[in-house]
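*Asks:* Here is how the chains run, residue by residue.
Number of protein chains: 2
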Amino acid sequence: MPQPGPLSGITVVDLSRILAGPYATFLMAEMGARVIKVEPPPPGDDARAYGPYVNGVSTYFASINRGKESISLDLKSANDKAIFEKLLARADVVVENFRPGTMEKLGYGWEALHARYPRLIYAAASGFGHSGPFSGKPSYDMVVQGLGGIMSITGHPGLPPARIGMSIGDIGAGLYAAVAINAALAHRCMTGEATKVDIAMFDCQLALLENAVMRYTVLGEVPGPLGGRHPSIVPFEALETEDGWMIVAAGNDGLYLKLCEGLGRPDLAADQRYRTNDLRSQNRDSLRAELVKELRKRKTAENIALLEKAGVPCGPINNIEQALSHPQVAARNMLVTVADPAAGTLKLAGNPLKFSAFPDPPTRAPAPTLDRDREKILKELGL
Amino acid sequence: MPQPGPLSGITVVDLSRILAGPYATFLMAEMGARVIKVEPPPPGDDARAYGPYVNGVSTYFASINRGKESISLDLKSANDKAIFEKLLARADVVVENFRPGTMEKLGYGWEALHARYPRLIYAAASGFGHSGPFSGKPSYDMVVQGLGGIMSITGHPGLPPARIGMSIGDIGAGLYAAVAINAALAHRCMTGEATKVDIAMFDCQLALLENAVMRYTVLGEVPGPLGGRHPSIVPFEALETEDGWMIVAAGNDGLYLKLCEGLGRPDLAADQRYRTNDLRSQNRDSLRAELVKELRKRKTAENIALLEKAGVPCGPINNIEQALSHPQVAARNMLVTVADPAAGTLKLAGNPLKFSAFPDPPTRAPAPTLDRDREKILKELGL
Chain B
190 MPQPGPLSGI TVVDLSRILA GPYATFLMAE MGARVIKVEP PPPGDDARAY
240 GPYVNGVSTY FASINRGKES ISLDLKSAND KAIFEKLLAR ADVVVENFRP
290 GTMEKLGYGW EALHARYPRL IYAAASGFGH SGPFSGKPSY DMVVQGLGGI
340 MSITGHPGLP PARIGMSIGD IGAGLYAAVA INAALAHRCM TGEATKVDIA
390 MFDCQLALLE NAVMRYTVLG EVPGPLGGRH PSIVPFEALE TEDGWMIVAA
440 GNDGLYLKLC EGLGRPDLAA DQRYRTNDLR SQNRDSLRAE LVKELRKRKT
490 AENIALLEKA GVPCGPINNI EQALSHPQVA ARNMLVTVAD PAAGTLKLAG
540 NPLKFSAFPD PPTRAPAPTL DRDREKILKE LGL
Chain X
190 MPQPGPLSGI TVVDLSRILA GPYATFLMAE MGARVIKVEP PPPGDDARAY
240 GPYVNGVSTY FASINRGKES ISLDLKSAND KAIFEKLLAR ADVVVENFRP
290 GTMEKLGYGW EALHARYPRL IYAAASGFGH SGPFSGKPSY DMVVQGLGGI
340 MSITGHPGLP PARIGMSIGD IGAGLYAAVA INAALAHRCM TGEATKVDIA
390 MFDCQLALLE NAVMRYTVLG EVPGPLGGRH PSIVPFEALE TEDGWMIVAA
440 GNDGLYLKLC EGLGRPDLAA DQRYRTNDLR SQNRDSLRAE LVKELRKRKT
490 AENIALLEKA GVPCGPINNI EQALSHPQVA ARNMLVTVAD PAAGTLKLAG
540 NPLKFSAFPD PPTRAPAPTL DRDREKILKE LGL
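Chains as they are written, first to last, in the working numbering: chain B, 190 to 572; chain X, 190 to 572.
Worth double-checking, as some hints may not be accurate.
Below are the DSS-like pairs computed for lysine-lysine, each with C-alpha atoms no more than 30 angstroms apart in a straight line [stated by the list, open to error]:
no.: 1; chain 1: X; residue 1: K447; chain 2: B; residue 2: K326
no.: 2; chain 1: X; residue 1: K486; chain 2: B; residue 2: K326
no.: 3; chain 1: X; residue 1: K498; chain 2: B; residue 2: K294
no.: 4; chain 1: X; residue 1: K265; chain 2: B; residue 2: K498
no.: 5; chain 1: X; residue 1: K498; chain 2: X; residue 2: K265
no.: 6; chain 1: X; residue 1: K488; chain 2: B; residue 2: K326
no.: 7; chain 1: X; residue 1: K498; chain 2: B; residue 2: K265
no.: 8; chain 1: X; residue 1: K326; chain 2: B; residue 2: K326
no.: 9; chain 1: X; residue 1: K326; chain 2: B; residue 2: K536
no.: 10; chain 1: B; residue 1: K565; chain 2: B; residue 2: K536
no.: 11; chain 1: B; residue 1: K498; chain 2: X; residue 2: K294
no.: 12; chain 1: B; residue 1: K294; chain 2: X; residue 2: K447
no.: 13; chain 1: X; residue 1: K447; chain 2: B; residue 2: K265
no.: 14; chain 1: X; residue 1: K294; chain 2: X; residue 2: K270
no.: 15; chain 1: B; residue 1: K447; chain 2: X; residue 2: K294
no.: 16; chain 1: X; residue 1: K265; chain 2: B; residue 2: K447
no.: 17; chain 1: B; residue 1: K498; chain 2: B; residue 2: K536
no.: 18; chain 1: B; residue 1: K482; chain 2: X; residue 2: K326
no.: 19; chain 1: B; residue 1: K265; chain 2: B; residue 2: K326
no.: 20; chain 1: X; residue 1: K275; chain 2: X; residue 2: K482
no.: 21; chain 1: X; residue 1: K326; chain 2: B; residue 2: K498
no.: 22; chain 1: X; residue 1: K326; chain 2: B; residue 2: K447
no.: 23; chain 1: X; residue 1: K326; chain 2: B; residue 2: K486
no.: 24; chain 1: X; residue 1: K294; chain 2: X; residue 2: K275
no.: 25; chain 1: X; residue 1: K326; chain 2: B; residue 2: K488
no.: 26; chain 1: X; residue 1: K536; chain 2: B; residue 2: K326
no.: 27; chain 1: X; residue 1: K565; chain 2: B; residue 2: K326
no.: 28; chain 1: B; residue 1: K265; chain 2: B; residue 2: K568
no.: 29; chain 1: X; residue 1: K498; chain 2: X; residue 2: K488
no.: 30; chain 1: B; residue 1: K565; chain 2: B; residue 2: K270
no.: 31; chain 1: B; residue 1: K498; chain 2: B; residue 2: K486
No lab work stands behind these hints: they were computed from the structure.
Work out the full structure, taking the sequences as your base and the hints as a guide.
*Replies:* Next up, the structure:
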């Protein structure tokens with residue numbers, strides 16, 4: 190049984206593989222939907238072969254497919270197509286991230302499905318979407334990170350390009366897909382109408398660019414990478430301390446004054462060159478040198494204690510171990526436990542979608558082995 | 190009138206400021222919801238003072254508040270509280286991103302609102318969430334980027350820390366908030382029950398870390414920055430060409446063989462050191478040197494033509510100008526036009542949430558000036 194949540198009662202038939210589609214349906218499963226993964230014949234979803242492994246089990250697969258069911262179907266076989274169609278007849282949503290055109294070739298394009306199952310919501314996540322001259326092209330996270338511009342504004346000027354350290358191409362698309370699918374579910378409940386959702390990884394990268402878009406379209410600038418700093422707020426950046434780096438985020442004039450006070454530098458507060466954010470932006474290099482001179486007198490932890498007391502937003506630059514050890518992680522249940530029959534006890538990222546009406550238990554059901562739920566599903570379908 | 194979409198008929202009362210909350214309600218407005226920004230007395234939402242500016246108008250504000258309405262209310266005045274409460278009585282969702290406890294102080298905490306408006310969904314986005322020892326602390330994008338670990342896996346080993354070039358702290362939280370609010374709307378429609386949504390920026394950063402979590406919890410590794418490459422797929426990275434850099438994403442053994450063929454290097458395909466992804470990971474440095482030797486013989490565009498012909502996923506590392514000039518941007522309407530009464534014609538990022546049942550017009554309504562819609566709203570409320 191799926192865990193209870195706002196999507197309890199919703200059934201998702203999930204043809205999607207690897208990451209973008211499965212991330213969307215992962216969020217739906219966390220919110221109570223029943224997600225039935227329809228996987229191709231062995232070896233099934235490609236992500237089952239992605240590390241890190243424990244006892245031969247992909248924990249990559251385990252992390253984004255926990256709580257889902259699995260049935261393996263060959264959508265080119267008549268027998269398996271009949272099973273698939275019975276599943277669709279009972280489903281609320283079908284999700285796929287094939288290359289555009291694949292579903293049509295299988296006889297399951299939106300038009301055909303909508304005619305046959307008028308209440309079925311259809312969600313597609315693809316590299317470039319279901320329209321436009323690049324529609325038929327495949328894509329991958331790394332390719333859209335490069336195409337969409339985010340790599341050009343991340344990292345350091347003059348240094349080799351830097352990837353965003355997680356798969357923002359896929360996970361970004363998965364998040365927008367979940368936003369859209371849930372809106373489509375609300376719409377169907379309000380009106381009875383089902384819709385197709387067409388999410389493109391490339392579109393999502395553009396939608397994530399934030400003020401970099403306006404810096405180009407409005408100011409005609411081509412924004413570049415800025416290292417550890419914000420493009421237009423000063424100081425709002427990574428700065429050196431005696432034993433490493435820290436974040437100082439004095440986002441307005443009042444916080445800047447508190448920062449100067451906290452560091453015991455009333456002269457910087459009074460300095461006309463730094464009076465407003467605009468002036469601080471113009472004179473960022475000299476201000477940075479002054480701030481670093483002060484911060485280098487103390488270790489990161491001491492600076493943080495000092496600036497927090499002064500009311501200045503600041504913090505460490507945590508590595509993954511430090512981030513996951515933060516007291517808020519346990520308090521917010523952001524590492525959950527999964528008892529995997531083969532891999533043993535796994536600690537995986539928790540669910541940031543917290544609802545007062547539903548519990549957020551400390552354990553989750555494991556990801557399914559390939560075809561694990563065949564018998565139960567066929568029985569439900571009367572087969 | 191809001192543009193038509195799956196959330197047509199839904200009214201959002203939006204107390205949120207700057208970015209995380211407003212990004213969630215921006216997506217809702219794009220999907221047809223009526224979003225009424227309730228702003229404090231002048232100067233209103235802090236983001237109205239964020240550049241880039243055109244004719245004194247913040248295009249930063251314009252980009253994420255387009256299509257919304259604005260009324261300015263002082264929630265400490267009895268008269269304005271009465272207006273606010275009449276708004277709540279007609280709303281489906283209230284969104285806020287105050288520091289936890291602020292709404293309670295105003296008399297509008299979840300318990301109080303739920304008792305009085307049992308169908309009202311309440312969504313909060315805060316730095317650390319509405320529970321746990323850090324709950325009361327403020328946060329900012331830059332601070333959670335540092336705290337949540339994403340900066341520790343982005344950039345280059347041994348170099349200063351790099352910020353993700355967009356506000357992943359705020360926009361990440363806005364996206365998860367939109368996922369949760371839409372699920373809450375679907376749930377309310379199905380069951381009649383309203384729920385509180387409690388989104389923490391810090392939780393969302395952890396949820397975005399992807400395989401970095403398992404590399405730590407399962408393997409005991411503390412992942413570091415990897416420059417332009419993927420942690421576990423080889424080759425899947427930024428590589429040098431004659432005139433710059435490009436992305437090569439040969440995500441499996443078949444694509445690796447195509448890459449070798451495309452580059453005219455059958456010897457690399459046959460080389461036992463590179464036969465599988467695991468072996469390529471172990472011998473990544475020598476393989477990288479061989480690939481770069483070939484790619485450096487040609488310009489990026491020539492390499493892309495060659496490798497695309499060979500069927501290898503690859504692409505350029507676009508700057509923002511190049512990204513926004515991609516033919517797919519116009520075809521997918523990913524730059525929309527806003528006629529702002531003061532700033533003139535603006536080109537802003539389009540909406541990646543595409544629904545077959547609704548149009549995706551090339552123009553959008555502008556963001557409101559502060560308190561623009563007061564008269565109309567008061568009239569609707571019978572005041």
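*Asks:* It remains to establish, for every hint, whether it holds in the given structure.
*Replies:* Evaluated hints:
Proposed proximity of K447(X) and K326(B) is supported: the alpha carbons are some 16 angstroms apart, at most 30 angstroms. Using a Cα cut-off of 30 angstroms, the hinted pair K486(X) and K326(B) holds, with the two alpha carbons roughly 26 angstroms apart. Of the pairs offered as hints, the one joining K498(X) and K294(B) holds, with about 23 angstroms between alpha carbons and a cut-off of 30 angstroms not exceeded. Straight-line distance between C-alpha atoms of K265(X) and K498(B) comes to about 28 angstroms, which keeps the hinted pair within the 30 angstroms bound.
The suggested pairing of K498(X) with K265(X) is violated, with an alpha-carbon distance near 66 angstroms, which exceeds 30 angstroms. Between the alpha carbons of K488(X) and K326(B) the distance comes to roughly 22 angstroms, so the proposed pair stays at or under 30 angstroms and holds. Restraint check for K498(X) and K265(B): the C-alpha separation of about 28 angstroms stays at or below 30 angstroms, so the hint holds. Only pairs whose Cα atoms come within 30 angstroms are accepted, and K326(X) paired with K326(B) is rejected, the gap being roughly 46 angstroms.
Distance restraint check for K326(X) and K536(B): the Cα-Cα separation of roughly 27 angstroms lies within the 30 angstroms cut-off, and the hinted pair is therefore satisfied. With a C-alpha separation of about 28 angstroms, the suggested pairing of K565(B) with K536(B) holds against the 30 angstroms cut-off. For the given pair, K498(B) sits about 23 angstroms from K294(X) by alpha-carbon distance, which is consistent with the 30 angstroms threshold. Note on K294(B) and K447(X): the hinted pairing holds, with a Cα-Cα distance of about 25 angstroms set against a maximum of 30 angstroms.
Using a Cα cut-off of 30 angstroms, the hinted pair K447(X) and K265(B) holds, with the two alpha carbons roughly 26 angstroms apart. For the proposed pair K294(X) and K270(X), the alpha carbon gap of about 13 angstroms is at most 30 angstroms, so the pair holds. For the hint pairing K447(B) with K294(X), the CA-to-CA distance comes to about 25 angstroms; that is within 30 angstroms, so the pair holds. Between the alpha carbons of K265(X) and K447(B) the distance comes to roughly 26 angstroms, so the proposed pair stays at or under 30 angstroms and holds.
At most 30 angstroms may separate the alpha-carbon atoms for a hinted pair to count; K498(B) and K536(B) exceed this at roughly 35 angstroms. For the proposed pair K482(B) and K326(X), the alpha carbon gap of about 27 angstroms is at most 30 angstroms, so the pair holds. The hinted pair formed by K265(B) and K326(B) meets the criterion: a straight-line CA distance of about 23 angstroms does not exceed 30 angstroms. With a C-alpha separation of about 69 angstroms, the suggested pairing of K275(X) with K482(X) is violated against the 30 angstroms cut-off.
Annotation: proposed proximity of K326(X) to K498(B) holds, straight-line Cα distance about 12 angstroms (limit 30 angstroms). With a CA separation close to 16 angstroms, the supplied pair K326(X) and K447(B) stays within the 30 angstroms bound. A threshold of 30 angstroms between alpha carbons decides the hint, and for K326(X) with K486(B) the separation of about 26 angstroms falls inside it, so the pair holds. About 19 angstroms separates the Cα atoms of K294(X) and K275(X), which keeps this hinted pair within 30 angstroms; it holds.
This hinted pair checks out: K326(X) and K488(B) have alpha carbons roughly 22 angstroms apart, not beyond 30 angstroms. The straight-line distance between the Cα atoms of K536(X) and K326(B) is roughly 27 angstroms, inside the 30 angstroms bound, and the hint therefore holds. Simply put, K565(X) and K326(B) have alpha-carbon atoms about 48 angstroms apart, too far for the 30 angstroms limit, and the pair is violated. For the proposed pair K265(B) and K568(B), the alpha carbon gap of about 22 angstroms is at most 30 angstroms, so the pair holds.
Of the pairs offered as hints, the one joining K498(X) and K488(X) holds, with about 16 angstroms between alpha carbons and a cut-off of 30 angstroms not exceeded. Taking the CA atoms of K565(B) and K270(B), the gap is near 18 angstroms; set against the 30 angstroms cutoff, the hint holds. Under the criterion of a C-alpha separation no larger than 30 angstroms, the hint pairing K498(B) with K486(B) is consistent with the structure, at around 17 angstroms.
Going through the hint list in order, the structure does not satisfy hints 5, 8, 17, 20 and 27.
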